[in-house]
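Protein chains in written order, with UniProt numbering: chain L, 1 to 308; chain C, 1 to 253.
It should be emphasised that the hints constitute simulated quantities derived from the structure, not laboratory data.
C-beta atoms are modelled at their ideal positions from N, C-alpha and C, and glycine is treated no differently.
Some, not all, of what chain C presents toward chain L, calculated at C-beta under 8 Å:
(1) Y4
(2) T88
(3) L93
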Amino acid sequence: MNPIIEIRGIQKTYASGFQALQPIDLSIERGEIFALLGPNGAGKTTLISIICGIVNASGGQITADGLDIQRDYRQARQRIGLVPQELAVNIFETVWNTVKFSRGLFGCAPDDDYLEQLLRQLSLWDKKDNPIMALSGGMKRRVLIAKALAHEPRILFLDEPTAGVDVELRRDMWAMIRRLREDGVTIILTTHYIEEAEDMADRIGVINKGQLMLVKEKHALMRDLGRKSLTVHLNAPLAQLPQALDPAEVELSADGTELTYQYNTARENTGVAPLLQQLAEAGIGYSDLSTKQSSLEEIFVSLVEEKA
Amino acid sequence: MNTYGVKAIYLFELARTWRTLMQSIASPVLSTSLYFIVFGSAIGSQIVSIDGISYGAFIIPGLVMLTILTESTSNASFGIYMPKFSGTIYEILSAPVSAFEIVAGYVGAAATKSIILGLIILLTARLFVDYSIAYPLLMLLFLVLTCVTFALLGFLIGLWANSFEQLQIIPMMVIAPLTFLGGTFYSISMLPEFWQKVTLLNPVVYLVSGFRWSFYGSADVHIGVSLAMITLFIAICSGLIAWVFHTGYKLKS
Chain L
1 MNPIIEIRGI QKTYASGFQA LQPIDLSIER GEIFALLGPN GAGKTTLISI ICGIVNASGG
61 QITADGLDIQ RDYRQARQRI GLVPQELAVN IFETVWNTVK FSRGLFGCAP DDDYLEQLLR
121 QLSLWDKKDN PIMALSGGMK RRVLIAKALA HEPRILFLDE PTAGVDVELR RDMWAMIRRL
181 REDGVTIILT THYIEEAEDM ADRIGVINKG QLMLVKEKHA LMRDLGRKSL TVHLNAPLAQ
241 LPQALDPAEV ELSADGTELT YQYNTARENT GVAPLLQQLA EAGIGYSDLS TKQSSLEEIF
301 VSLVEEKA
Chain C
1 MNTYGVKAIY LFELARTWRT LMQSIASPVL STSLYFIVFG SAIGSQIVSI DGISYGAFII
61 PGLVMLTILT ESTSNASFGI YMPKFSGTIY EILSAPVSAF EIVAGYVGAA ATKSIILGLI
121 ILLTARLFVD YSIAYPLLML LFLVLTCVTF ALLGFLIGLW ANSFEQLQII PMMVIAPLTF
181 LGGTFYSISM LPEFWQKVTL LNPVVYLVSG FRWSFYGSAD VHIGVSLAMI TLFIAICSGL
241 IAWVFHTGYK LKS
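If we strip away everything but chain L, and leave its shape as in the complex, we get (with noise of 0.2 Å):
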């Protein structure tokens, strides 16, 4: 199937001569949960802002369900949703009315029926006849959300969602993300709490510097980039590192009961028989042995500055 949305190209260079994005290309499959990580001014709202029309690119082409934004823009931006990530609403419309413009000034027939059920799900609907300036910080997160649904988008971009939100409205909105996936819409997100993203997305763009760094199934971002590290319990503390073992490769923690070796799970010889095989030939006992994944978040500040 063809990719919902397809990026050639795009770049963006600011009236200042800043330039925000270089040219960028990327395509997001249908249904998919895309998470685009990166530091902040490293181009993600711009190129969120482009897609959406809020910013216009200085040179490429975007297509969204196959309609060019540019050209189609009326039936390209009814198909998109964007949460945006300053709390910009109306504070003196109440809940109800705001989520009714919305979906008016996206070119839907009232539905209010939808509304209704939107607003039951994002927990607002106790809430509808409230001015907004009356809701706290997360409640006014999910109205914008409940604004970015209301007229049915099936690609929905979320910035920074979950940035300065309790851990209530955390669950309830990844909740929601999942849902909207179960009902096949697209869903790109921008986020720095990459557990979230590792939680969450099913490939994972990284950006820096305007640049489009890699993109990756996000299992095999992990397995590729991905490093472990052999933690050995040892039955008796050392007190230094034994002179079989490289000390570039094993560390000795500084009680001397733990040794720690890193290595990367993507080359065919990990090392680590042979590492087990030197501390039995030494004579050191271990009690146990556990290994642990490096975290997409150490991937991620790796990638950032080897490239920096």
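Use these hints to put chain C onto chain L, whose structure you have.
Below, chain C alone, put in the same frame as chain L:
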């Protein structure tokens, strides 16, 4: 054509009027009533009639203009400035609405409000002064065209403004003085010949004069000239707005 979208913007903007009813309707009506009391009844009773029209009746079209020019401008400018200021403009920009539809929603709502306001003022004036309208349809046409023109101008100001101060400055420093000097309270034929010529550079003269013509069948400037001028103003404002949307100036980077 995204009619639901236009309707959404239009109704949203009118809802703002009802939310701020005192500020939107009551205060212009109150200030106009004060003008009638002071200039129409108190001072006006001491002034001879102009072209056979009592002074109190003479100033009615001008007073309506005075209010609707400033109100159309400030309503429309506020309407589009607020989303820019609060950040909610993102939704408008990302919505499947064309520039024309955005303008239709905002300017339509601001003009509607001013038209209602103008009619309320005319009704209020009836309490103070006895007057008749010679060409009611032409009066309505003129009212609508004027409200639309200045709502377009206000929309432009709202797009251009970077602060609330800038938002206020044109209605307060330009439009209000021009209206006062545009023959609201006097006929420009009362002026020395040199100042008559200078006054003709003031665009508001053509509006006040045209509007007054629809009431009394006579005015400073020929009605045809007034209609031509207002058409020109609409064309200029629409052209500028089209340019703003085309270039993205102040809206999109």
